[in-house]
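Visitor: In case you want the letters, here they are:
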Amino acid sequence: MAELTLIQAVNTALARALQDDPDVVLLGQDIGMHGGVFRATEGLWQRFGGNRVLDCPLAETMIGGLAVGMAAEGMKPVAEIQFLGFLYPVLDNLANHASRLRNRTRGRLSCPLTIRVTHGAGVNAPEHHSEAIESMLAHMPGLRVVIPSSPSRAYGLLLAAIRDPDPVVFLEPTRLYRGLREEVLDDGRALPLDTCFVLREGSDITLVAWGAMMKETLEVAETLAGRGISAEVIDVATIKPFDADTVVASVERTGRCVIVHEAARTAGFGAEIAACLQERAITALLSPIERVTGYDVVTPMPKLERRTMPSPTRILEACDRVLAWG
Amino acid sequence: MAELTLIQAVNTALARALQDDPDVVLLGQDIGMHGGVFRATEGLWQRFGGNRVLDCPLAETMIGGLAVGMAAEGMKPVAEIQFLGFLYPVLDNLANHASRLRNRTRGRLSCPLTIRVTHGAGVNAPEHHSEAIESMLAHMPGLRVVIPSSPSRAYGLLLAAIRDPDPVVFLEPTRLYRGLREEVLDDGRALPLDTCFVLREGSDITLVAWGAMMKETLEVAETLAGRGISAEVIDVATIKPFDADTVVASVERTGRCVIVHEAARTAGFGAEIAACLQERAITALLSPIERVTGYDVVTPMPKLERRTMPSPTRILEACDRVLAWG
Amino acid sequence: MAQTADSPDTIVATFEIRRRRFLDENGVAIAELPAFGADRDLMRRIYRGMSFVRLYDQKRVSLQRTGRMGTSATALGQEAIPIGVASAMREEDVLVPAYREDGAQIWRGVRPEEMLIYWGGDERGQHPADPRVAHDFPVAITVGSQALHAAGVANAMRLRRQQRVAVTMLGDGATSKGDVYEAINVAGAWKLPLVFVISNNGFAISTPIERQTAAETLAQKGLAGGIAVLQADGNDVFAVRHAMLEALDRARTGGGATLIECLTYRLNDHNTADDSTRYRDPEEVKRRWAYCPMKRLGTWMRAAGHWSDADEEAMKAEIAAELETAVERYLAHPAPEATDMFDHLYASLPRQYASQRAEAERLDHG
Amino acid sequence: MAQTADSPDTIVATFEIRRRRFLDENGVAIAELPAFGADRDLMRRIYRGMSFVRLYDQKRVSLQRTGRMGTSATALGQEAIPIGVASAMREEDVLVPAYREDGAQIWRGVRPEEMLIYWGGDERGQHPADPRVAHDFPVAITVGSQALHAAGVANAMRLRRQQRVAVTMLGDGATSKGDVYEAINVAGAWKLPLVFVISNNGFAISTPIERQTAAETLAQKGLAGGIAVLQADGNDVFAVRHAMLEALDRARTGGGATLIECLTYRLNDHNTADDSTRYRDPEEVKRRWAYCPMKRLGTWMRAAGHWSDADEEAMKAEIAAELETAVERYLAHPAPEATDMFDHLYASLPRQYASQRAEAERLDHG
Ligand SMILES: Cc1ncc(C[n+]2csc(CCOP(=O)(O)OP(=O)(O)O)c2C)c(N)n1
Ligand SMILES: Cc1ncc(C[n+]2csc(CCOP(=O)(O)OP(=O)(O)O)c2C)c(N)n1
Ligand SMILES: [Mg+2]
Ligand SMILES: [Mg+2]
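Residue numbers (my numbering), protein chains in the order written: chain A, 397 to 722; chain B, 397 to 722; chain C, 69 to 434; chain D, 69 to 434.
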């Protein structure tokens, strides 16, 4: 078993998928000889050849549309979009075609494609490279939206995404690409695409996050532990379909909840979680559910990006308010 | 003062804006001699000429991009996208450019454009013609998102949108285009772009909706009144920035709330409203806030479209649950 | 800036656009006809196919006028294109249509009642029973979106080294969409087995082609992607079919993609919701009837001895009966269930949406 | 399908692509030079401008290597393009650049330190102080997006009957984007006062032009929109500037848009985060240095008596000093306030976001 970074885990899962299923084909810009701007596909072109790893002309709409057509013919395209800010031109194909082809043909055609795209800020990247728009994707019926927060979950969730018979957007937290290492067993085992992961059990407060924000969230849980407060930490992992059951069950025990996300606050996915919780667990709530989120601002350039990303300080302040409430 | 339909009110506001400000220019497909697929621009090309009312080649991305460039040069483009399903190709320009040009140039350039686009189902239209994706738009910092529910509000809000110094997406509920008439005074008075409208005062329960769903929501309020239950009805009108104050104040009085929207449930704008309410009014809440929404399904074709749109029955059932709770 | 004698410029590339035509508007051959013209049976099927489109369109419109059909578009005056295209394709090829090619879809195996079910507002019409069209794409409502899907289909064929071709059909207006250009470009870059058929009927709803683009031809849109291009007289089924056979052959033998611009004219309103007198001169439409593809082929068929008045009569009766049956089946088609909305959303519905489905079911039957 | 003697095809349109070049790679004139070549002062400013780009790029990269600068891209080997373009434009024209045209932006009035501030990760760099560039667009990071913005700017100029021109700069990779095609098409349809300048430097990151498109030239992308097209030797500042003057004049006098493909070669890595040895042969890069635009113009300048070794030395010292000042100002630039994120979001911040702003302010100073 090897200690892998998240990007290596992605690479390993891609290799495994290419190996296992001849219908899996990678699409993207600079993913071939170059190995991808983050090296997610490093060595794959060399190993599987140019008919499995396809360098594309520079056109994101095209990548989305090609993937739809290939998937309808029974292939399993896995497309890389270099940065989330470049996913917007793909939304038309995601919302109008990929997510509905099965439904609009009443099951005759389907769209088993995967779109891999980086997610989030904190790596000093240029404009449009640090976005977080998972809630827009979560609003598209027929889609699945997934975001791992560790190398092993990246491996298992990506395999699941590629094998899934329906379209999946797989968000990769750029900030975690090389930040942490974990033992990853390349056993071809997929993780479920409809389940949250409880990363830490606790009884006083539930902290809910996903992607790169798990880092700060776990840090805060540790800080709270030092103060004798037991925080349960949940990694949502699959944004759509959202496993409310796990979160509701937790909050029914803790009575308090803080949701953390990098995306802008308004209509972010935290709103959906808070809405579900008050619908299903209002009697258990000992305080309002707080959301610690990116502000409702345009994703800033590097000099200010950390000023909108939830910091441990902000998360802790919210926990304090929630714990002190009432 | 004339009795106008909503589409006539839109037409009147457009004429007024063209008349008042030489920088206002209309863009769109078939908006010229043809007058637009819904006749929103009827007579305007004839009256203001082809340099004010511009028939565009068939390309939505282009319409969005042109509008950004024109706005940056100080014009006030008002672009029509024929149906909301065709707005997806414009999202790139909305999210990456229109909504950030001011910010990314720290105030040097700005983007005073308006995108008009139909919203919602219920008119027996083909696929992709009946969408509701206001929450995706509400997640874009720097944007305003507006949706009227009556001819007079259409007039006042559209004038405000056009005059606003920042980009506004103006959603027009297709189902209301010709459904109701109202006295509309063409006095050039705009309505505020950050405020909800209380359409009916009440003390037992707050009903929140927008766009075409106001119709069923007001119907249900009437039914409830027949049972001696006093419902307050709020038209959100401006989705972004959302006027939580008005809704919170209402729920603080009523203690109960049902939110109604046509868009899919998950990550719909109802989630944001419910999240805000539990954050700010949890002590006042006598029951969970319910959301009555379109299901998490692909917008169906005409034979089934009414099966996902919130019906008076579904709204009433939710009210009953909320009123009976606890 | 005056050009000097020793010019700084050299010509590095030249291009020409050819237009193909076999029959003039009076049905008289102006060039040696392709061999298939001698195939009496085939030519009769083609003529019948075009006639079917016209009568089917009439039937669909009359259903709409009587409130039993949603909005849809006819192919009036363009019948040679869907039939010329579909008749040239093989079963294993894939058709990726727009929304005005019911004729091509039906030729390939979709039943007329299935098309009516679709235009009547029901997704089930896009799941035709005939296995021959199992890979064909459904109607594309979002203009131009089908081009990239067809490129994806063609790319799958290429990667799998199949001898199949994807054929996508587009309007003149669609050529303004970036999607279509991106499809043309990748078709060239990857030598995709793909044919773009553009029905240039002069209008995108109200927008005449002159205001859609300054390009002298739509064929030259293909030059931007380095693919083979050709114009064909779209009202001459010989030209359309001949151009298609050439393009399909090129694609099948590894020669890559072709863009064929078929010149035609939309004799009808844009669709049943449109009133074209708002934006075009009815006199022009009248004049254009002289170029009707049906009349042109009919004249030639009779002159060639392939067709008679008796044939015409028999065919019309036969088609009328067929359409009667199709309409009956359409009208008798049971209403969909509300749960249909959920049952093809995912391969299997995530448990998260089960309660929504249950509510829809309860209210549907309640 | 064999072609018969009486061909069904007629040629309906023909096109040719011309390539412009004045100086060969050794700096020798191969055609009569444009009149501006005799303008000693102008040519010295042009040569200086190109030299500035090269030295500025070196400085920026060295800042990056020492951790004081974000990721950015240089114009190494492409210097003739930004300077040829910017020097041909008028102040009232509008530049809509990509991200490799700092040289053009600086020529027009952006201060070097402002560009450094931007690439250092701060939006304030996109608000240059010089009023001459108040209408110019900021750097475009999303490849190709700028083409439609430029079309919009040009459309405003057209509607207002101004004698101004929008100029947009794009890479070869950008030509694959539908946005760029859509801009070309509307530029043709509306005869926009617009110039598309494509710097074909052979690569889009790692993707060589041969895999980007099958089009023989990028100039022919313009044929799809019916606009004027031309190739220019992008390493010959005479060709670039001459082509620009012609295109600007056409645009200004109502003749519509032009697409100019400038042939060049990216001598550097894609950007400071890239390592091009992963995907291209360093030998090829070495070979391409022979075509360096600086060397070419320098040789000609000396032969024409416009330039001397002493000039070179003086200029280098002058530029070095200028850059030193720019770097000092950049490094001394005060850090932004967290509230900056809110203060240019809307013309005035909606009250709904006031509490977020307050929190950011509190934490910034806490
Ligand atoms: C992306 C998109 N934009 C707008 C529309 C509305 N619309 C439907 S058909 C049409 C015109 C299409 O013209 P053309 O491509 O020439 O095809 P034709 O209808 O003439 O066959 C338009 C604008 C649409 N369906 N899709
Ligand atoms: C829409 C979009 N997709 C992808 C990228 C990532 N990216 C940055 S530069 C680049 C290559 C651009 O190549 P080209 O247009 O030839 O310009 P050059 O860098 O050679 O000047 C890519 C793919 C981007 N910035 N924008
Ligand atoms: Mg047309
Ligand atoms: Mg390049």
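Accuracy of the hints is not assured; some may be wrong.
To be verified - Ranges of calculated distance between the beta carbons of each label pair, as one might list FRET restraints:
no.	chain 1	residue 1	chain 2	residue 2	range
1	C	108	B	445	55 to 61 Å
2	A	707	B	577	49 to 55 Å
3	B	649	D	399	55 to 61 Å
4	C	278	D	385	57 to 63 Å
5	D	345	A	716	51 to 57 Å
6	C	407	A	575	42 to 48 Å
7	C	422	A	599	53 to 59 Å
8	D	130	A	577	29 to 35 Å
9	D	431	A	577	30 to 36 Å
10	C	228	D	322	49 to 55 Å
11	D	321	B	445	18 to 24 Å
Source of the hints: derived by calculation from the structure; they are not laboratory data.
Each residue gets a CB set at the ideal place from its N, CA and C atoms; glycine is no exception.
Visitor: Give a verdict on every hint.
Guide: Outcome of the hint check:
Against the hinted window of 55 to 61 Å, the Cβ-Cβ separation of residue 108(C) and residue 445(B) comes to about 57 Å, which satisfies the hint. Checked against the hint of 49 to 55 Å, the C-beta distance between residue 707(A) and residue 577(B) comes to roughly 54 Å, which is consistent with it. The supplied range of 55 to 61 Å is met by residue 649(B) and residue 399(D), whose beta-carbon atoms lie about 57 Å from each other. Between residue 278(C) and residue 385(D) the C-beta distance comes to about 59 Å, which sits within the given range of 57 to 63 Å.
Range check, residue 345(D) to residue 716(A): about 52 Å between beta-carbon atoms, so the 51 to 57 Å window is met. Taking the beta carbon of each, residue 407(C) and residue 575(A) are about 45 Å apart, inside 42 to 48 Å as hinted. Between residue 422(C) and residue 599(A) the CB atoms are about 30 Å apart, so this pair departs from the stated range of 53 to 59 Å. The given range of 29 to 35 Å is respected by residue 130(D) and residue 577(A), whose C-beta atoms sit roughly 33 Å from each other.
For residue 431(D) and residue 577(A), the Cβ-Cβ distance of about 31 Å falls inside the hinted range of 30 to 36 Å, so the restraint holds. Checking the proposed 49 to 55 Å range against residue 228(C) and residue 322(D) shows it holds: the Cβ atoms sit about 52 Å from each other. For residue 321(D) and residue 445(B), the hinted distance range of 18 to 24 Å is satisfied, since their beta carbons lie about 23 Å from each other.
Going down the numbered hints, you'll see the structure goes against just number 7.
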